[in-house]
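Protein chains in written order, with the numbering used here: chain A, 1 to 285; chain B, 1 to 253; chain C, 1 to 297.
Among these hints, one or two may not hold up.
What the hints assert, rightly or not - Derived CB-CB ranges, DEER-like: (1) 85/C to 72/A: 38 to 44 Å; (2) 190/A to 190/B: 30 to 36 Å; (3) 280/C to 42/B: 43 to 49 Å; (4) 4/A to 60/B: 54 to 60 Å.
Unchecked claim - Restricting the straight-line Cα-Cα distance to at most 27 Å, the calculated cross-link-like pairs of lysine-lysine (DSSO-like) are: (5) 196/C to 7/A; (6) 7/A to 134/C; (7) 197/C to 7/A.
Don't read these hints as lab results, they were simulated from the structure.
For each residue, glycine too, the CB sits at the ideal point set by N, CA and C.
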Amino acid sequence: MRWSWRKVEETFFRCLMMAAVVLVMLILLWILLTILVRGVPALDWEMVSRTPRGGFYLGKSGGILNAILGSLFLTLGATLAAFVAGLPVALYLTCFRGDSSRTAAFIRTVLDVLWGIPSIVYGAFGFVLMIWLGLRASLLGGMLAVALLILPIMIRGMDEVIRLVPRELYDSAYALGATKMETAFRVVIRQAAPGILSTVLIALGRGMGDAASVLFTAGYTDALPSSLLEPVATLPLAIFFQLGTPFPEVQERAYASALLLTILILVISGVARWLIRRYARQVVR
Amino acid sequence: MTGEHVIHARDLNVYYGQLHVLKDITVAIPRSKITAIIGPSGCGKSTLLRSFNRLLETMDNVRLAGSVRLGPQDVYAPGVDVTLIRKKMGLLAQRPFPLPMSIYENVAFGPRLHGIRNRRALDRLVEDNLQLTGLWSEVRDRLHTPAVELSIGQQQRLCLARGLAVEPEVILADEPTSALDPQSSRRIEECFRHLKDRYSIVMVTHILRQARRLADYILFLYMGELVEHGPAEQMFNAPRRELTREYVQGVIS
Amino acid sequence: MLRWRQWQERIGRHLLQGITLGCVLLAGLMILGLLLKSWPLLQEQNLWSMLVSRDWRPHRGEFGYFPFLAGTLWVTGGAMLLAVPLALLTATYLSEYASHRVCTLFKPLIDLLAGIPSVVYGVWGVLTIVPLVKNEVAPWFGRFTSGYCILSASLVLAVMTLPVIIHVSLEVMQAVPRELRESALSLGATRWQTVKKVVLRKALPGLLAANVLGFARAFGETMAVIMVAGNVARVPGSIFDPAYPLPALIANNYGEMMSVPRYDAALMLAALLLLGVVLGFSVLSRLVLQRLQRRWR
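From just these sequences and the hints, can you work out the full model?
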């Protein structure tokens, strides 16, 4: 009696779990298919090589070059800024503070909390900062908001890979008379380089896909980005605005943008993953 | 520099948090000899070695009292540039840890830190020190390949060459052969034998036979205390303390 | 030469310390900035009465947040109800039942799902979920809806939070030592009994953290929700009613906020509320986690 109940329970949950896995995979497939089916017909050379034409914001021809270039400029700028600000912090946490340091643990907690803050809040905060700095919605403002958004991701990611650098490597460098700065910047960075690079890519992907943080701060325009102080379009914003219009021709541009954005981000995260795998192999000597 | 002893430790005490790992160590390490620190695992051998070149203070929660002198220089004196102290004592770890760069850059790393920029001088240094460890003939045509591609035995000799390139007085070796195969171990031991004229070598080992083969002078540590120290012959053949006799005869380990 | 290196070390250390401090202060600055911007409104009106008021008429200076708070809770709650069981079942299967090969095949797919930007989820929601709810689900229940409603938003959000919860749960479960499973199995437990009594118990604090993370993600999600939730500032009565979650409120009205008095302060207060809830939640979950972990060991 007892035996058979155990068997029934086992089988029941096993089936339930398998169904869950299949369902999750089907959903993934469904999403990708939807984006592909709508995006592929819309995405052609004209789409990626021209700016929207034929009218202010609701022009029915042209492409999404404004959003592509805007996304690239904005994300690259923000990633660079976050990297420059984040690397010293990540190095400081591990190279200058010991592994059991309370201060470091506290800082890590703060960063984890920052990581969890919704991007719309970063957008609102970026907006407040912009007003204080006397800026209006612009490429620079968008960069600022996205840089703040990805800073915690950047720092914690780099921090995790830097923590994997073996203790003995530090000892080797110290024993040769290297200072902590020299050890950090000449040895630790090199050892962790692939991991750092993949973190940067992950942050880049996150920044590129986020719309809520640039909604107030980047503005939106049909024109190509020309200056740091001019408004700029990005792919996620293009998707959001153009899908909301009642014109099928404009919606086409949203589908094309969605497909392009998805492809870009999948490629970026794929490269990041590949780097991490390689890196793992290198560490286990 | 002259003098019979190269390192003097006096009343050295080390604590890891509450744990008292080295107790009142007072000892002098002879110059131009191979000194072996022996004792069962966990007795503080590595800690003693690391207290010489101030590597201990890079760890958390470590407290150290007492003094260490390198020749006339007080290692722990306030205001001493710790990098210069460490430069005078090369370290060889249990496992080789080549820096993440090429073979050439590994050896040139230390000299570059200390201000040697001249390409030709660096080339010389790299060649000389690789010669000293017998690695030159094996790697001369692939100096600019990553150091991690060498075999583990070669890596360890590279680490030795890297340490020698900053012209230390002392080589601190922490069980330098424990990760190596017998053949590679032998090459390291050979290196030590012909390096000891120019350098004082302090090595930690848990292999008694290795200590017998190599060492001129022995320190026996047990539970954080220096039980006995003396010339190798005396320590192995006529130890004064019962504990030492039991350890060298393998009764305890 | 020597001096220079010592100086370099000292200056470098302080520089790094300074930058680190700056990044930590960022959290404080964020609260401060939003608080300052919403201060005028907080001075005029009582926070509590705004939170419970149902009237949102910015032009008359009435800012009642209750519909938005209710909308957020409905949508997030619905999403968690859908996502948590599915995510836990999937993670358990991948960790405990699937072969190593299947697991290494599925893990990148899960991460891929996590990497898709939220606007793309929104597009998917508009194209598939909204018509599905409008034409199939609602008529089934005998209800009429435009499709832009709580159910659609919850479905899209659930799909978005799935990969987050699965990813973390999987990591937590795989960290349970093998020996624990082996000792249970060798006592004659079935696979499922081992999972239920040993693995899930051991992993409980971590699983809790995974779900809190998923909740935070769903709670603050803006773009996907704004595109499918309907955005009507009324307290919803059923899952087929439209909702207007807090993040959507902020995102939708930034354009006109400078032209209506106190409107900007009201939106910044909404952002502050969002921030406060997320902060409170992550601090609370950390405390609970610490207690749990202490008791578990």
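Enumerated hints in conflict with the structure, sorted upward: 6
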